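Q: In case you want the letters, here they are:
Protein chains: 2
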Amino acid sequence: MNDRFLRACRREPVDATPVWFMRQAGRYMAEYLEIRAKYSMLEVCRTPELATQVTLQPLRFGVDAAILFADILLPLEPMGAPFDFAKGEGPVVHEPIRTSADIDKLRLIDPEESLGYCLEAIRMLRRELKVPLIGFAGAPFTLASYLIEGGKSAHFTATKRLMYAEPEAWHRLMGKLAEVVRRFLRAQVAAGAQALQVFDSWVGQLGPDDYTRFIAPHMRAILSDVQSTGVPVIHFGTGTSTLLELMAQAGGTVIGVDWRDRLGEAWGRVGYDKAVQGNLDPTVLFAPRSVIQEQARAVLLQAATRPGHIFNLGHGILPGTPVEEVEALVDFVHTETSGPHSRVGSSPRGSSGPKD
Amino acid sequence: MNDRFLRACRREPVDATPVWFMRQAGRYMAEYLEIRAKYSMLEVCRTPELATQVTLQPLRFGVDAAILFADILLPLEPMGAPFDFAKGEGPVVHEPIRTSADIDKLRLIDPEESLGYCLEAIRMLRRELKVPLIGFAGAPFTLASYLIEGGKSAHFTATKRLMYAEPEAWHRLMGKLAEVVRRFLRAQVAAGAQALQVFDSWVGQLGPDDYTRFIAPHMRAILSDVQSTGVPVIHFGTGTSTLLELMAQAGGTVIGVDWRDRLGEAWGRVGYDKAVQGNLDPTVLFAPRSVIQEQARAVLLQAATRPGHIFNLGHGILPGTPVEEVEALVDFVHTETSGPHSRVGSSPRGSSGPKD
Numbered sequence: 001m002n003d004r005f006l007r008a009c010r011r012e013p014v015d016a017t018p019v020w021f022m023r024q025a026g027r028y029m030a031e032y033l034e035i036r037a038k039y040s041m042l043e044v045c046r047t048p049e050l051a052t053q054v055t056l057q058p059l060r061f062g063v064d065a066a067i068l069f070a071d072i073l074l075p076l077e078p079m080g081a082p083f084d085f086a087k088g089e090g091p092v093v094h095e096p097i098r099t100s101a102d103i104d105k106l107r108l109i110d111p112e113e114s115l116g117y118c119l120e121a122i123r124m125l126r127r128e129l130k131v132p133l134i135g136f137a138g139a140p141f142t143l144a145s146y147l148i149e150g151g152k153s154a155h156f157t158a159t160k161r162l163m164y165a166e167p168e169a170w171h172r173l174m175g176k177l178a179e180v181v182r183r184f185l186r187a188q189v190a191a192g193a194q195a196l197q198v199f200d201s202w203v204g205q206l207g208p209d210d211y212t213r214f215i216a217p218h219m220r221a222i223l224s225d226v227q228s229t230g231v232p233v234i235h236f237g238t239g240t241s242t243l244l245e246l247m248a249q250a251g252g253t254v255i256g257v258d259w260r261d262r263l264g265e266a267w268g269r270v271g272y273d274k275a276v277q278g279n280l281d282p283t284v285l286f287a288p289r290s291v292i293q294e295q296a297r298a299v300l301l302q303a304a305t306r307p308g309h310i311f312n313l314g315h316g317i318l319p320g321t322p323v324e325e326v327e328a329l330v331d332f333v334h335t336e337t338s339g340p341h342s343r344v345g346s347s348p349r350g351s352s353g354p355k356d
Numbered sequence: 001m002n003d004r005f006l007r008a009c010r011r012e013p014v015d016a017t018p019v020w021f022m023r024q025a026g027r028y029m030a031e032y033l034e035i036r037a038k039y040s041m042l043e044v045c046r047t048p049e050l051a052t053q054v055t056l057q058p059l060r061f062g063v064d065a066a067i068l069f070a071d072i073l074l075p076l077e078p079m080g081a082p083f084d085f086a087k088g089e090g091p092v093v094h095e096p097i098r099t100s101a102d103i104d105k106l107r108l109i110d111p112e113e114s115l116g117y118c119l120e121a122i123r124m125l126r127r128e129l130k131v132p133l134i135g136f137a138g139a140p141f142t143l144a145s146y147l148i149e150g151g152k153s154a155h156f157t158a159t160k161r162l163m164y165a166e167p168e169a170w171h172r173l174m175g176k177l178a179e180v181v182r183r184f185l186r187a188q189v190a191a192g193a194q195a196l197q198v199f200d201s202w203v204g205q206l207g208p209d210d211y212t213r214f215i216a217p218h219m220r221a222i223l224s225d226v227q228s229t230g231v232p233v234i235h236f237g238t239g240t241s242t243l244l245e246l247m248a249q250a251g252g253t254v255i256g257v258d259w260r261d262r263l264g265e266a267w268g269r270v271g272y273d274k275a276v277q278g279n280l281d282p283t284v285l286f287a288p289r290s291v292i293q294e295q296a297r298a299v300l301l302q303a304a305t306r307p308g309h310i311f312n313l314g315h316g317i318l319p320g321t322p323v324e325e326v327e328a329l330v331d332f333v334h335t336e337t338s339g340p341h342s343r344v345g346s347s348p349r350g351s352s353g354p355k356d
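Chain order of the listed sequences is H and P.
Quick note on numbering: the numbering used here labels position 115 of the first sequence as 115, and the sequence is numbered without any gaps.
Quick note on numbering: the numbering used here labels position 92 of the second sequence as 92, and the sequence is numbered without any gaps.
FYI, nobody ran anything at the bench for these hints, they're computed from the structure.
A quick note: this is a predicted structure, and the numbers were derived from the prediction, not measured.
Ideal Cβ placement from N, Cα and C applies to all residues, glycine included.
One should not assume that every hint holds.
Partial pick of chain P residues on the chain H-facing surface, computed with a CB cut under 8 angstroms [claimed, not checked]:
#, residue
1, Gly204
2, Val284
3, Phe286
Taking the hints into account, I'd like the entire structure generated from these sequences.
A: Written as C-alpha cells, this is what we have:
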C-alpha cells in the first residue's frame, strides 16, 4: 500500500511528495467520456460499479490517492431539493430554496438509506485500491449557494441576501446542511474512506468578518466531529486568500490553497501544525511541458523540505486538459522530490539541508 | 465645486468621506432602463448626449464624483475586434484573437478619431458637473481576456494558455493594449477628465508571480505615463488580495480594494503613500438598512481617521439593487464621517484621536 498521501496529511516524512488531482477522473479522459456517452452524470454516481470504474481510471497516471467519483450536490435530492445537470450549464436545482418554510421542509437524511450507492462504491473501491481512498462532501456555504441560487452564480446575490437579511433562517439552513454533511462524511469513513475532503469551493466570495459570523461555526461542527474519527480531513476552498487563517481555525488536518497564493506564504499563515495541499494553476496544464515543469517546481520550492505538502492543482482539472501532461506531471513531482538529490522527500521535519 | 473626492485621492483632509459607486449609472435605475428601452448599450455609449444624460442620473443621490458612462470594451472595435452585447450574456467578441497573426492585425488607434464620442461626452459633462468627472479604461489583462475568450470566462483557459505557451505573443498583445489604453486615458484627461480609473477587473485570476512577469510591466507603462499628467488614477481589480502590493508598485494614486480584504489590513499592505477605495460587498445593498449601515460603518472604522479613503463598493452595483438604499448609503457615509462627532473627516493625517 502506497501511504505517501496519508503520511503527508500527518506531516510525516515521505519518500516523494504525494500527488493527486481534484477531478482527476472526469471530462478530460477518453475512458470517462466513453462511459458518459452511455450514462448520465447522475447515473454514473448512483451506480457503484460505474462510480468505481471511473474512480479507478486516473490511477494509471501514478497518482498517490483515489477520490470517490461523486458530486457534492448528491445529498440535496434526498434532503428534498432535486437537481439535474443541464447540458453545458452545470447543475440546476429545480426548486431553489428561498423562504424560511423551504428551509423547514429540508430533511436530515440517513446516508446509508439515501446515499448508500456512494457508500457501496467506497466498499467496492477499498477491495481494489492500493492507494488511499478520499471521500468528500460539499461544505454548507457552497451547498447553500446552489440550493438558493438554483445553480452556479456570478454574484451569490440571493445567497448573501438570505445571510444578511435573515440570519436566523441562514443559520438554520447552514445547521441542517452541516448535520447532513457531518453524517455523510462519518458514513464514508465507516464504509472505508481513509481521508476526507470538504469542498467549500465558493466560500472565497465572502470576506473574513462574514466568514467568522456566518460560516465558521458550521464548519467547526463538521470538522471537529469528523476529525475525531482519526482520518485526515482536507479543508478546501478557492479565492480564500483572506480566509486561510480562519479556515485553519475552523478545522481540517490539511488546508487547500489555490494558485493565487504563494504556497509558502500561505502555509505560514495557515500554521505549520497543518499540512497543505496545492497549488498549481489548472490552466498551466495547457502550456508546453517545460512551462508546466517550471511552474510545478516553483510550487515544490515553496513547500521546500517541510513534510506535510500534498501536490495538487489549485482547483479541479479543466475539461480539455491534455491527458499526457497530467501523467507527465505526476512523474515529474515524484522524480523531483525523491532520490538523493531531491530538495524535498524524507528529510526531517523543518530541515532545509540535503537528504542523506 | 465639491472637491472631497479629489482631496481624498491626494490624501488631504476632507469634510466628509467622499463616496461614489462603480456602475452608479445603470441597470438598477428606472431612468436608465427607460433610455435603454429605446437605445442599445452601444448606442448610448456612442451618443454623447445620451452618455451625458445617463452619467448625470445618479448625481441626485449626492455622490461625490461622476464617472463617464461607457464600457471598457469600446476601444476594441476600432482596434479591429468588433463586439456586441448579447442579451443577458454580456459582451461577445465576434472574432476572438487566437493567433500571433490576429495580434499583428490589431490597430493602434487615435482616440480622437476612434473614440471621439467618449471625449465629446466628457466635454459636455464638464460644462454641467459640480463634482469631479472620472474617466476610465479597462486594463490590458482584462481586455485581453475578452479578446481571447470572446466574452466572459470562468477559467480564462485560452487567455492563460497564450500567456504561458507564447509569452512573446502575449507581451506583444499586452503592449498594444497598453498603448491604446494609455492614449485613450491621456485623451480623456485632455478632454477634461479630472481623475481616471483603470479597471483590471479579472486580474485576480492570476497569482503574484504571473502578475509580476506578465502584467506588471504593462501596467507600469500606462500608469507612470498617465499619472504624469497630474490627475489621480485609481488602480482597481477584484479578487486581488495576493496582488495588492504588486498593483500598488505597478502604479496608481488610489488602489481599489474588494470586499474580501479588510480595508485596514489591505491599506497597510498597499502602503500609506497611496489612497484606497472600497470596499462594501455589493450584495449588502440587498439587506435591510440596519445591516447596510452596520457593514458600511465597519468599512469606515477600518479606514479610521486616516485621510485618503474613498468609500465605494468592492465591485459594481448589481442589477436589481434597491435605488433607495443607494441614496440612503450616500447620506449615511456623509453623516457618519462629518460633523463634530465623526470618527473620520478633517482630522489630521494619521491621527486617531477625536476631531476638535
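Q: If a hint holds in the structure, say so; if it does not, say that too.
A: Now the hints, each set against the structure:
1. Gly204: 7 angstroms, holds
2. Val284: Status holds, d = 6 angstroms.
3. Phe286: 4 angstroms, holds
In this structure, every one of the numbered hints holds.
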